[in-house]
Amino acid sequence: MLTQRPKGTNDLLPGQTEKWRYIENTIRQVCSEYGYQEIRTPIFEHTELFQRGVGETTDIVEKEMYTFLDKGYRSVTLRPEGTASVCRAYVENKLYAGPQPVKLYYVGPMFRYERPQAGRFRQFNQFGIEVFGSTNPAVDAEVITLAMDFYERLGLKNLEVHLNSVGCRRCRPVHKAKLQEFLRPNLDKFCPNCQGRFERNPLRMLDCKNPGCRELSAGAPTTTQCLCEECAEHFEQVKGYLEKVGVRYRVDERLVRGLDYYTKTAFEIMVEEIGAQSAICGGGRYDGLIEEIGGPATPGIGFALGMERIFSALAVQGIEIPLETKADVYLAALGEPAVQEAFKLQAQLRKLHLKVEMDYLARGLKAQLKAADRLKAKYAVILGEDELARGAATVRRMDSGDQQEVKLIDLIDFLAVNK
RNA sequence: GUGGAUGUGGCGAAGUGGUUAACGCACCGGAUUGUGGUUCCGGCAUUCGGGGGUUCGAAACCCCUCAUCCACCCCA
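The opening residue of the first sequence carries number 1 in the working numbering; numbering runs sequentially from there.
Hints may contain errors.
[To be verified] Once the Cα atoms are required to be at most 27 angstroms apart in a straight line, the calculated DSSO-like pairs of lysine-lysine come out as:
| hint | residue 1 | residue 2 |
| --- | --- | --- |
| 1 | Lys378 | Lys407 |
| 2 | Lys419 | Lys370 |
| 3 | Lys157 | Lys189 |
| 4 | Lys209 | Lys176 |
| 5 | Lys189 | Lys209 |
| 6 | Lys19 | Lys209 |
| 7 | Lys370 | Lys344 |
| 8 | Lys355 | Lys376 |
| 9 | Lys71 | Lys19 |
| 10 | Lys326 | Lys370 |
| 11 | Lys326 | Lys244 |
| 12 | Lys366 | Lys419 |
No wet-lab data here; the hints were simulated from the structure. Quantities reported herein were computed from a predicted structural model and do not represent experimental measurements.
Start from the sequences, fold in the hints, and give me the full structure.
As structure tokens, this is what we get:
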């Protein structure tokens, strides 16, 4: 126990952290180009925020939150997702008073109490974006495009955008009524889960994976059939914009997001081939959320994508993330006087921003060259007693094995020039 | 929360009742004394997730427990 990490968490070790940094750099690059600015919110919030923001009837709130009392007996919760916090920050810091739209992104860990499996963890990382203050369907298209652009830069293939519109405050009740009317005659034949959803959220019944339920709900009125004029027009325009920039999508009328706050546009990006958890990105518009948590009526839209799932997809698609070279120069010193000299050289070379390493285990030359080889160093500088006596060092090119003697006073220049 | 699989050295993996727990990779050392990536030689588990039991005897059989993985639900 003592030396075992909590269930569903991960250690990112050297080598992996480098890959994560690469992904994060790509995120920052894309966001910067699209005009999104980073926001960092706390990793825990008052529990009510998620209850209200994410929705009381969602799985997240019903059974997946890491909730505990702090020493002041306040209920706090490790954030299960990013949108609620960002909305809270938007309201609390009165970002609505500044120029609109406000385009934000975040990267960081999220927490959900679930049984881990492939692509699912209790602590996992998401990159997400949110746009506040515009109902323009072009924004919906931009958000989706940004996600696809990001994946494309990483080299991912076979991604599918699933797109739907779930309507707004006006058309949702209409749809709900029609849906219940359609489903009611066969209600007793649905799975218990669906029966429970019938009153609270019949929309979710369309999303059930149970084949029996799917059959029973086949032909049910879809959200898109019941859209009000405004929502229908919005949906058409989103599709139009996507087509203009060549983002392929598939309308999926059964796509219903698991979170309660969505309105109009809902989408998921899928990669099959990474196992049961094939959704790598999910998002949509949430025009009522800011108001719901106590802010001024403000439209919003965003997505969240799972970083661990990026790695799963990269792995199955055989995509390697380029790694940095570990060392330019390896100083192999033999004997205490040489070690002293090497230590000084190391510091001087580092001032020139060369990647330099030396041996700290008093190993033999053979072992030191082996270390240089492992680090893929370009040069090994051999500093032994002989060389030291001559005020020189042997510089060995690791790839060719060529070596030459260089005076110590010329060594820094030599390595700087030939790096 | 439910179901299934698995747990042997740093990693992969053989072994399914009988004296010293294969092998591969990695790691460390050596092959005439200061030269890497190839080769050769050597080293590296008083012990088989943990606890209890059966037995003359268990890593192997039984019970309990812990952990990991996968799936369901749902999602990132």
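Now for the hints, and whether the structure bears them out:
no., hint, result
1, Lys378 <-> Lys407, "holds (19 angstroms)"
2, Lys419 <-> Lys370, "holds (20 angstroms)"
3, Lys157 <-> Lys189, "violated (40 angstroms)"
4, Lys209 <-> Lys176, "holds (20 angstroms)"
5, Lys189 <-> Lys209, "holds (15 angstroms)"
6, Lys19 <-> Lys209, "violated (35 angstroms)"
7, Lys370 <-> Lys344, "holds (22 angstroms)"
8, Lys355 <-> Lys376, "holds (11 angstroms)"
9, Lys71 <-> Lys19, "violated (38 angstroms)"
10, Lys326 <-> Lys370, "holds (14 angstroms)"
11, Lys326 <-> Lys244, "violated (44 angstroms)"
12, Lys366 <-> Lys419, "holds (23 angstroms)"
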